[in-house]
Structures are given as C-alpha cells and as structure tokens.
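Engineer: Sequence:
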Amino acid sequence: MEPGAKLSKFDGGERVDASRYRKSNFFRGTIPSFLGSLGSLEILDLSNNSFSGTIPGGLQKLSYLNTLNLSFNHLYSEVPTGGVFNNVTAISLIGNKDLCGGIPQLNLPACSRVPSKKHKWSFRQKLILIIVIGIGGGLISSIISISIYYFRKKPKLFCSSRSLQNLYLKVSYGELHEATNGFSSSNLVGAGSFGSVYRGSLIHFEKPVAVKVLNLEALGASKSFTSECKALEKMKHQNVLKILTYFSGIDYNGDDFKAIVFELMLNGSLESLLHSDEELKSRNLNPNLQLWLNIALDVANALDYLHHGSEKTVVHCDIKPSNVLLDDEVVAHLGDFGLARLLTVVTGHASRDQVSSLAIKGTIGYIPPEYGAGGRVSAQGDIYSYGILVLEMLTGKKPTDDMFGESLSLHKFCQMAIPEGILEIVDSRLLVPYGVMETNIREWLASFARIGVACSAELPVQRLAIKDVIMELNAIKHKLSY
Numbered sequence: 001m002e003p004g005a006k007l008s009k010f011d012g013g014e015r016v017d018a019s020r021y022r023k024s025n026f027f028r029g030t031i032p033s034f035l036g037s038l039g040s041l042e043i044l045d046l047s048n049n050s051f052s053g054t055i056p057g058g059l060q061k062l063s064y065l066n067t068l069n070l071s072f073n074h075l076y077s078e079v080p081t082g083g084v085f086n087n088v089t090a091i092s093l094i095g096n097k098d099l100c101g102g103i104p105q106l107n108l109p110a111c112s113r114v115p116s117k118k119h120k121w122s123f124r125q126k127l128i129l130i131i132v133i134g135i136g137g138g139l140i141s142s143i144i145s146i147s148i149y150y151f152r153k154k155p156k157l158f159c160s161s162r163s164l165q166n167l168y169l170k171v172s173y174g175e176l177h178e179a180t181n182g183f184s185s186s187n188l189v190g191a192g193s194f195g196s197v198y199r200g201s202l203i204h205f206e207k208p209v210a211v212k213v214l215n216l217e218a219l220g221a222s223k224s225f226t227s228e229c230k231a232l233e234k235m236k237h238q239n240v241l242k243i244l245t246y247f248s249g250i251d252y253n254g255d256d257f258k259a260i261v262f263e264l265m266l267n268g269s270l271e272s273l274l275h276s277d278e279e280l281k282s283r284n285l286n287p288n289l290q291l292w293l294n295i296a297l298d299v300a301n302a303l304d305y306l307h308h309g310s311e312k313t314v315v316h317c318d319i320k321p322s323n324v325l326l327d328d329e330v331v332a333h334l335g336d337f338g339l340a341r342l343l344t345v346v347t348g349h350a351s352r353d354q355v356s357s358l359a360i361k362g363t364i365g366y367i368p369p370e371y372g373a374g375g376r377v378s379a380q381g382d383i384y385s386y387g388i389l390v391l392e393m394l395t396g397k398k399p400t401d402d403m404f405g406e407s408l409s410l411h412k413f414c415q416m417a418i419p420e421g422i423l424e425i426v427d428s429r430l431l432v433p434y435g436v437m438e439t440n441i442r443e444w445l446a447s448f449a450r451i452g453v454a455c456s457a458e459l460p461v462q463r464l465a466i467k468d469v470i471m472e473l474n475a476i477k478h479k480l481s482y
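In UniProt numbering, the protein residues as written are 1 to 482.
Be aware that a few hints might be false.
No farther apart than 25 Å at their CA atoms in a straight line, the calculated lysine to any residue pairs in the SDA-like style are these [unchecked claim]:
hint : residue 1 : residue 2
1    : 97        : 29
2    : 242       : 277
3    : 281       : 425
4    : 398       : 283
5    : 312       : 328
6    : 97        : 112
Note that these hints are calculated values from the structure, not bench results.
Take the sequences, apply the hints, and build the full model.
Structural biologist: The following block contains the structure:
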C-alpha cells in the first residue's frame with residue numbers, strides 16, 4: 001500500500017486493490033481491523049458509506065496517518081484518543097451521531113458506563129477484599145514512590161523514551177526566550193518551510209547557539225521535528241550538525257512549542273557563499289577550487305556516515321547548499337534533517353516496512369527523477385542531490401536557473417562541456433592563477449565536473465558510490481597540492 005492511498009472500498013471482507021478504493025460507495029459492515037497494520041498509510045477516507053460498529057483502535061497506531069475522514073457513516077461508541085485522533089484538524093467524524101468520548105476538542109458527549117449488577121458480599125469476602133486492597137495499595141504506593149524518585153534523578157530523554165544512550169541537558173522555554181532576546185527579528189539568521197532559526201546564547205554552552213523554532217501551524221512541521229529527532233539522536237560525526245539540546249512544551253501563551261538547539265555555524269551556509277557576494281565579503285572568504293573541494297569532501301564524508309556508518313541507514317532527502325553549514329574554520333556540516341528517513345538495513349537491503357514511499361520530498365532542482373515517478377527513498381537519491389550540489393559549486397548556477405528547462409539541465413550543461421569546454425562554464429572565481437599550466441587547471445576542473453555528472457545520472461544504478469566519490473575528490477586534492 002503506497003502512502004496517500006484513499007481506502008474506502010471492501011468486498012466480502014477482503015482487501016481490494018488500492019487503486020480501486022473510493023468514498024461514497026454505500027458499503028456496509030464494520031471497518032476492517034487490518035487497516036491498523038498498514039504502517040505506510042497516510043490518508044484514509046471512508047466517508048459517505050454505511051459502515052457501522054466501533055472505530056478500530058489500531059488506527060491510532062498508524063504513525064504516518066495524517067488525514068482520517070470517517071464522516072457520514074453509522075459508527076458508535078468511544079472515539080480513540082491516540083495517534084491521528086489526537087489532532088482535531090486531521091480527522092472528520094461528523095454525521096456519526098452515536099460517537100462519544102475522544103479528545104475534548106471534538107466536543108463529543110462523554111461515554112456512559114453501564115453499571116454492573118449488584119452483588120451481595122459475605123462478611124468473609126469483604127474481609128478478604130479489604131486485606132487484598134491494603135496489601136496491593138501499599139505495594140503500588142511503594143512502586144510509585146520509587147518511580148518518582150528514579151525519574152526525577154534522570155535527565156529528560158531526547159524525543160523518545162527509547163533514546164537511552166543520548167541524554168540532553170534540559171532547557172526551559174524561558175531560557176530559550178531570553179537567549180534569543182524574545183525571538184527577536186534581529187537574532188533571526190534563517191527561515192524555512194517548517195520554522196525559523198535564531199542566534200542565541202545559553203549559559204549551559206560556551207559557544208553561540210542556533211535555536212530552530214518549529215512553525216507548528218505548517219503542515220508537516222511536527223513530523224519534521226520527529227524526523228530530525230530520530231535521525232540525529234544517535235549521530236556523532238564531525239560533518240553532521242550536532243544537536244545540543246531541545247525543548248518540547250508550551251510557551252508563555254499556553255501554546256505548543258517545539259525547538260531544537262544546535263551549535264551556531266558562524267560562516268553561514270554554502271548557499272550564501274555561492275550566491276551572495278555580500279556574505280563573502282562579510283566573512284572575508286575567497287571561493288577557490290581548494291575550498292570547494294574541501295567542502296565537497298566534507299559533505300561526501302557526512303553522506304558516507306549517514307548511509308553506511310551505523311545499523312540504520314539515514315537518507316537525508318534534502319541535500320542542497322542551504323543545508324550545508326560552515327563553522328568558524330569553514331568545515332562543512334550537513335544539517336536540516338526534517339525530511340530524513342531511517343531505513344533498517346537487513347542483509348544489504350532496506351527493510352520493506354521502514355522504507356516509505358515519497359509523495360515528492362525535497363527541493364525542486366535537487367529531487368532525483370525516480371522520486372518524481374513515485375519511487376522509494378534511497379541512499380542513491382541523496383547521491384543524485386549531491387551531484388547537483390557539486391555542479392552548482394562548479395558553475396555557480398542553480399539547477400533552477402532560467403537558462404535551464406526541458407531541453408537543457410544543469411547535468412547536461414556540464415556533461416557536454418567535459419573536457420574541452422570546461423573553462424567556459426565554470427564559476428569565474430575558480431579560475432584564479434595557481435602558478436600551473438592551464439591544461440592542469442582544466443584537468444582538475446573536468447575531474448570535479450565528472451564527479452558531479454556521475455552522481456547525478458538519471459538512473460540510480462548508474463550513480464557513483466559515495467566511497468568512490470571520496471576517493472576521487474582526495475585524488476584531485478592530492479594533485480592540486482603539488
């Protein structure tokens with residue numbers, strides 16, 4: 001079942017192909033409980049049918065389910081409160097007059113409890129009951145006391161109670177508010193689709209920090225927060241942006257508030273170096289082939305770690321210059337894992353139940369062609385985006401530049417120029433004198449271009465492996481140093 005399929009049609013109690021499901025078919029019977037096992041389901045629309053019975057509790061366990069429409073059926077009894085049912089804007093239950101319970105925002109009547117039949121207790125039964133309750137109550141009180149003491153002693157875990165190996169220093173909303181001057185616009189250093197990033201200073205950390213505040217009104221922002229948590233909670237690599245701490249709670253107005261705190265990257269993003277002369281001047285940086293090779297190698301090392309460095313392959317899903325951040329020594333760190341997916345590797349292949357299909361995630365120009373055709377996320381998708389990033393560094397042109405269209409892409413533009421025309425297409429800032437023959441400069445630039453072209457091949461199987469990318473980049477650096 002692909003995420004996004006709209007389920008509403010059932011035949012004889014058996015599952016029917018997803019492409020045939022429609023709403024408003026007047027189907028009867030109970031909603032099949034097996035729907036709770038469709039882990040990749042994102043949208044479920046069973047409205048305007050004649051389903052009766054209770055809502056399957058398994059639906060609240062579907063972590064990807066973000067839209068549920070059960071309106072205008074004949075459902076009754078208690079509405080679950082977990083998962084998608086905890087978001088009043090994600091579900092529709094109107095037209096089911098016998099539903100009750102659920103979260104308060106649904107404004108449903110409370111569920112009545114059927115009183116049990118009266119039972120006449122003997123004196124002996126009453127005495128036994130009192131003794132059992134006394135012993136049990138004392139035992140429960142002891143357990144609760146021990147638990148409270150234990151959890152007060154433990155620091156708050158990051159994102160998940162299972163994150164036993166990654167404990168983060170707890171910060172309050174007030175501390176974040178003070179650190180960023182009330183999230184002042186003067187502290188704003190960047191903004192994206194899921195939130196804004198503010199410069200700040202927390203007493204817990206020596207260096208300045210970046211506070212990423214999620215815009216929870218944006219569709220997918222909460223899911224982005226969870227993805228970034230899961231992707232980064234066990235990450236430890238010099239070229240992957242490190243989480244310092246986080247906050248998930250309420251602000252001064254009582255509204256939900258989520259933020260992640262990172263170390264501030266003082267030299268901004270690769271995007272600003274590529275396309276903003278003002279940023280270059282303010283940071284006193286000179287774009288040159290040596291610097292570009294170092295940054296490309298840093299990002300390649302980060303991808304090698306994400307794809308091969310642990311038991312879970314992390315697919316970033318949004319490799320682009322604005323997500324490559326540079327520290328005070330101009331070392332690149334890959335950041336913004338809001339779209340990242342975790343793939344469990346089993347005998348060299350991604351586990352099927354954890355590789356979810358992609359609607360289209362990423363940024364236009366960097367999205368691999370197979371994602372646009374409904375393909376599954378993969379490490380090869382990141383390699384494609386990386387290849388486009390390399391070609392953008394080489395030419396100084398974005399893949400969405402006006403000169404590119406259906407007949408000419410950045411990939412094809414560079415491919416056609418290799419090797420003789422390479423000097424005509426590269427960013428002129430890379431053509432600074434190296435004290436060597438022009439043929440050598442052409443050779444180095446052509447080698448750099450070949451890496452970008454090989455990584456951004458149309459078919460995933462044709463793309464360069466990330467370990468080969470690292471080897472090729474090191475070879476160019478070695479030649480450049482002599």
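Engineer: Does each hint fit the structure? Answer for all of them.
Structural biologist: Quick rundown of the hints versus the structure:
no. : hint      : verdict
1   : 97 / 29   : 17 Å, holds
2   : 242 / 277 : 28 Å, violated
3   : 281 / 425 : 24 Å, holds
4   : 398 / 283 : 22 Å, holds
5   : 312 / 328 : 30 Å, violated
6   : 97 / 112  : 15 Å, holds
The structure shown violates the earlier hints numbered 2, 5.
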